[in-house]
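Chemist: Here the structure of chain A is known, so what remains is to put chain B in place on it, guided by the hints.
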Amino acid sequence: MYVYDEFDRTFLAERVAEFRDQVERRLAGALTEDEFKPLRLMNGVYLQLHAYMLRVAIPYGTLSSDQLRRLAHVARTYDRGYGHFTTRQNIQFNWIKLEDLPEAMAALAEVGVHGIQTSGNCIRNVTTDQWAGATPEEVDDPRLWAEILRQYSTAHPEFSYLPRKFKIAITAADHDRAATKVHDIGLRLHRNAEGTLGFEVLVGGGLGRTPFIGKLVKPFLPAEHLLSYVEAIMRVYNRFGRRDNIYKARIKILVHEIGAEAFAAEVEKEWEAIREGVLHLDSDVVADIRSRFVYPAFETLADNPPELAAALENPAFATWHRNSVHPHKVPGHAIVTISLKPVGAPPGDATADQMDEIAALADAYGFREIRVGHEQNLCLPNVAQKDLPALWQRLEAAGLATPNVNLVNDIIACPGLDYCSLANARAIPVAQEIARRFADLDRARGVGRLHINISGCINACGHHHVGHIGILGVEKNGQEFYQITVGGRADEHAQLGTLLGPAVPYEQVPELIEDIVDAYLELRQSPKELFVDTVARLGIDPFKERVYAAH
Amino acid sequence: MTSPLQQKIKVTGPVVVTANRLADGVVVWRTAGNTWSTQLADAAVVTNAADALALLEGAQKRDTDAVGPYIAPVERDAEGLIHPGNLRERIRVAGPTFDLPA
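First to last, the protein sequences are chains A and B. All the letters of the first sequence, read from the start, carry residue numbers 1 to 551 under my numbering. All the letters of the second sequence, read from the start, carry residue numbers 1 to 102 under my numbering.
Just to be clear, a hint being listed does not mean it is correct.
[As the list claims (entries may be wrong)] Computed, partial: chain A to chain B, Cβ under 8 Å:
id	residue
1	K97
2	P429
3	Q432
In case anyone wonders, no lab produced these hints; they're calculated from the structure. Quick reminder that beta carbons are idealized off the backbone N, C-alpha and C, glycines included.
The shape of chain B in the complex, shown without the other chains:
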């Protein structure tokens, strides 16, 4: 498989870098301070390929924090809040779209 670093990165709108936390798999986002957060609101949002690549490269330096970082689309609403940019990312933020068995 092509490494994400070698993939052609096309950025046409706001994006973030996301991954799963190593120890428990929880969804995390890369912050502007080069740490990981479990809140999408903390994510660094970039809008061009060079910045996205830099963010991704930073995320890949230490693989004991998070696994499988990749660039994911987001949307900003009128108030500037960040929302996931597609259904897959919405599900990663909010969990399955039905009630879990209880």
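Extracted from the complex, chain A is given alone in its bound form:
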């Protein structure tokens, strides 16, 4: 965990006091809605279909148990007893009242949590691998670099009124769990041939109306230059990014229009002027920030302890273990994914009671730390393997041990038309019905790794373009229709899915998805060939024929 210092705590307390005053003035009529709206958005407050929505940032996906308990408290006291974890390591409260928001924010600020950088045309909450600091795959803890970017970007005056919002993601492992290639800036931390730590820098990725995979602008940026290089990118974007057309304002459009090479040349020019300036990351500054990350005092343990071996005799535990437990860099420990996708439930939702239970489990078994992944699941990154059986029993009792991580019913879905004022169609009920079709998890396991992503509109909060199967809700003559894509992926081999054919009405979607899955089961060379690999090998035609012949 990163420990906030006095500066952060004071800043948050002042921000809450400011917002309290702004809300009071708004309610009294001293501020008009036009004046107030940008102020509330800077604090993560949106107005949705039924109510205000508070989006709270979970910087680089890391929460302490105390912070999670406080989120549960806010859900229970000021909302309807649950929260929704999003695809950008945020949590949203969907029923919050404007008049209660200052109190809710004060409660959150006490534990260092807030909605800053979750809205508006600023650098948003920097996201990373939910396994950061725990996975043996990484070359360094990416959260350190995310935190450096957070300190740099929060309330940065030069970048508070960008042409459009700006999202940065970091991975420090070759297997990308942070979808870095579909962010405005995607950073891959690695070591070069000389062993120096640095970033591969991609710019101009993004989904939404005009999806692009990020383009490589710098194969190796020594880590000490992270801020100066990001600043150079931001300046080029601020200068050349379009402000006349909201649909062309994201940096991906600029990079696409002038080309990655020309863009990179502009950045280099800017960077040369500032690279040795105040933004150069001296090693003592980095060391100081690194020292504020407190790591668990791991016991010296061996892998595969007898408690685990005994528990693996139980088929239900063994199934969960195979699905939801992952290797840890410290022997005798493990990373545990907590599925927030019980079959038939809204993806990514957790009740206040579940949040409290997960916080208690983190206290008991996980060094008081919880992570949020962009797949809308939670994670206990540091669990001793000997504790896994006891942890599983309690997760099971709380409805949090569905062994479906990365399976066909581990669906990523935006809130859709059930909550969101931008949506054209529903996403959650579509996810629920598809999940029910695969309620038999033996069947889902037989299908293997298959990511379904659903968005209720072109803005693509459900990341449908990069779902192995992507589902996009559109409106046709007042009816909900859905376009289906296949072959997308969000990882290190990120690519956009290909449209399968004409959109189909709401009622037909679950069956169509079953048809696609059945076609895959027939077409795959062996159970080892994953859905995306079959699509890559055969193209979409066999799927198209099968699916549209049936409908």
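Modeler: Chain B only, in chain A's frame:
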């Protein structure tokens, strides 16, 4: 963004004016008495652009009651009861279309 007042208003059937209440975001409808109600049944229903615009203008005079007023379609059934005219408005009246987590 174009102000709703400057937008071309096309009214082809019965419509109401709706918004969210400022203090808590609750969905409200403009009544014939120029107040706001949380019941769609209380809404003033108009059927032409001039009346719709007048209703909207009235709704925009005081922005401490409700936020973001706009014109929304409704339908009348055989008994004359008002129902939301599209899915979005149905969801605004009845809430999400699935059971909320409990």
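Chemist: Taking the hints in turn, state whether each one holds.
Modeler: Status of each hint after checking the structure:
1. With a least beta-carbon distance of about 4 Å to chain B, the hint placing K97(A) at the interface is held under the 8 Å criterion.
2. With its C-beta approaching chain B no nearer than about 5 Å, P429(A) sits inside the 8 Å limit, and its interface hint holds.
3. Taken as an interface hint, Q432(A) checks out: its beta carbon lies about 6 Å from the nearest beta carbon of chain B, inside 8 Å.
Comparing the model with each numbered hint stated earlier shows that all of them hold.
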